[in-house]
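J.: If you read the sequences in order, they're chains A and B. Note that the numbering used here gives residue 160 to position 160 of the first sequence, counting from 1, and the numbers run on in steps of one. Note that the numbering used here gives residue 445 to position 210 of the second sequence, counting from 1, and the numbers run on in steps of one.
Possibly wrong hints are sitting among the right ones.
To be verified - Negatives, chain B to chain A, calculated, CB over 10 Å: (1) Asn248; (2) Leu257; (3) Val308; (4) Thr340; (5) Asn369; (6) Pro443; (7) Ala479; (8) Ile517; (9) Leu554; (10) Thr557; (11) Pro632; (12) Thr636.
Said to hold, decoys possible - Reference listing, derived: stretches of chain B covered by chain A, where coverage requires no fewer than 3 residues with Cβ under 8 Å from a Cβ of chain A: (13) 237 to 243; (14) 547 to 553.
Hints were generated in silico from the structure; no laboratory data involved. Idealized CB from N, CA, C, for every residue including glycine.
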Amino acid sequence: MLEMIDICKVYRTDLVQTHALRDFSLSVQEGEFVTITGPSGCGKTTFLNIAGLLETYTSGSYQLDGVEVSQLNDFKRARLRNEKIGFIFQSFNLMPDLNLFDNVDVPLRYRGLKASERKPLIEKALESVGLAGRMKHLPSQLSGGQQQRVAIARALVGSPRFLLADEPTGNLDSNTARGVMELLQEINELGTTIVMVTHDQELARESRRNIHILDGQIHEENGRGEMSSSASAVA
Amino acid sequence: MEIGPIFRALLRNKLGALLIALQIAFTMTVIINAVFIINERNRLMARPSGLDESNLFHITVIGFGDDYNEEIVAADDLAMLRQTPGIVDATVINAIPVSGGGSSTGVRLINDETSPSTGTAIYRLDEHGLNTLNLDLIAGENFTATDMRLRYESGPTEADKAVVTRALVESLFDGMAPADVLGEVMYMPGGDVVQIVGVVDRLQAPWPTSQLVERSMLVPENYIDSFSRYMIRTEPGQRDRMMAEVERMLVERGQDRVVRDMEAMEVTRANTYRVDSALTTILRVVVATLIVINCMGIVGLAVFSINRRKKQIGTRRALGATRPEILRYFLLENLFITIAGVALGAVLTIALSIVLTTNFNMPTMAWYYTPLGALLLILVGQLSALGPSARAAGTEPAIATRSV
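Extracted from the complex, chain A is given alone in its bound form:
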């Protein structure tokens, strides 16, 4: 599903070079639920951005669902994001001026579907997160947990094979966070591959596979029944 080999990401200014990711190699199989942890500035977001085709990498190889993404131009990357990837953001990133229906509709519009094709998909997605009765509400009329559910519905509405979650519970209280996690687990159990960046060690421990990043490299990996050092993980 996701295959990164020796990915490097270097941010350059006139004076400084910052290595956000160094020889980062990771393979995620279809149906996995992987959590990514690490301290601030370790490269989690850079990994997420590269995995989600939100930014390019300096060197290495990345295949998403069998497609080598380095060869894709901006247009094709956008189309691939739309078709293959669902995003869940820490701050929900809902459009404040759009109601829930229109918010969930956003990725479908970029897929070129007709209104009659989009409507049942949107209703089903909102129904799956328990917000079918609030389609005409604005995000500001919802609680944080409900807003994140809308964001999850938006991420799922196009039936992506791959869900990228960036601290999805970071702005939620523990009870609400628990509900969101349960929802994500249900989604994963239905077959969607999930990679989730989190600071929450407790959530990470519960996941079947956790990758710990330090200084742009995989420092530690738990899961798949084994724990390995950074050297073996990278290799």
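Given chain A, put chain B in place with the hints provided.
T.: Showing chain B alone in chain A's frame:
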């Protein structure tokens, strides 16, 4: 296309959009009416006078000596001028066309003082007048030297022959061809009879803003009033040289008179239309300024709106929007605002046009001004929004995951 969501989002966040729409409406109202006024003035200024303006100039001779005989002096002056190489012809004339000052009268087809009269400018000139002014005689004949008479300030009677303009014929003789009115008579105030002997295509009256500007009549008279005004036509390209020479010759011819007010017809026209010309210049500046302000307003709102929604744009990009789709989104948003402004502007434009027509005696604005103005404003709006929208389209999707 995201027409529905854009429209609904605008309705929920309408203050900025409303202000820009009002600005567009105001701009459109002023611009269209200003352009109409400019075009109307230009049309008035561009009307042909019927004269060979580029080769004509006029000069005034004022006598002051006790023995000064205007009739003899004028005859001698004109004879000299007509023999001068470089001069095509010269005439004495009582008023200068398109100069702002002249004589008018009312003529009737029936000799009844109570019946309505038709206003017309009256030019008193000699048999060289038509050739000097280079008028296009479309029917009848010119005056002859024997037709000429002298007219004094309190002249009791009028000349008995006249050449009239086509416009005067159309006013007096509904539907009759110029050739058919030859020999017809007109009655002057007081009952004097004037027979039409010729019709010229065009000769404007001295007053360009008057309703009777195209209605003129020419009579074979030398108006004796202590000063003589000569109109002189030169060979093409000789005007400026001949102006200096004519002035010198006239000054050298006598000590008991003043030679003054020499002016090329083109200058006379420019002076007459100076206010109109200044008005059109001012209005052009107003139109240009308003368009620039309008563009700045649209650019300002677009930049503000885009900066405020940077993260939203990044999120849209993350969710699969391509750069052209982001560009289209913001151009569409701008289009909606502009259309709202243009719709209101169309109503205000027509309202202002009605006010101007009703209160300032302006002609009715042609129907196409409003749609053309609307299209222009929409085009200007889209061009103004293009830069900021293109910048928005360049937003990197990675901004969606940034915390600020």
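J.: A separate judgement is required for each hint: does it hold in the structure or not?
T.: Taking the hints in turn, this is what the structure says about them:
1. Asn248: The assertion about Asn248/B is violated, with a minimum of 5 Å to chain A.
2. Leu257: holds (21 Å)
3. Val308: Since the minimum Cβ distance to chain A is about 87 Å, Val308/B lies beyond 10 Å and the statement holds.
4. Thr340: holds (72 Å)
5. Asn369: For Asn369/B, whose nearest Cβ neighbour in chain A is about 69 Å away, the distance exceeds 10 Å, so it holds.
6. Pro443: holds (57 Å)
7. Ala479: holds (71 Å)
8. Ile517: With a cut-off of 10 Å, Ile517/B remains clear of chain A, as the shortest Cβ separation is near 42 Å.
9. Leu554: violated (4 Å)
10. Thr557: violated (4 Å)
11. Pro632: violated (4 Å)
12. Thr636: violated (5 Å)
13. 237 to 243: holds (count 4)
14. 547 to 553: As far as the stretch 547 to 553 of chain B goes, the hint holds, because 5 residues have Cβ atoms under 8 Å from chain A.
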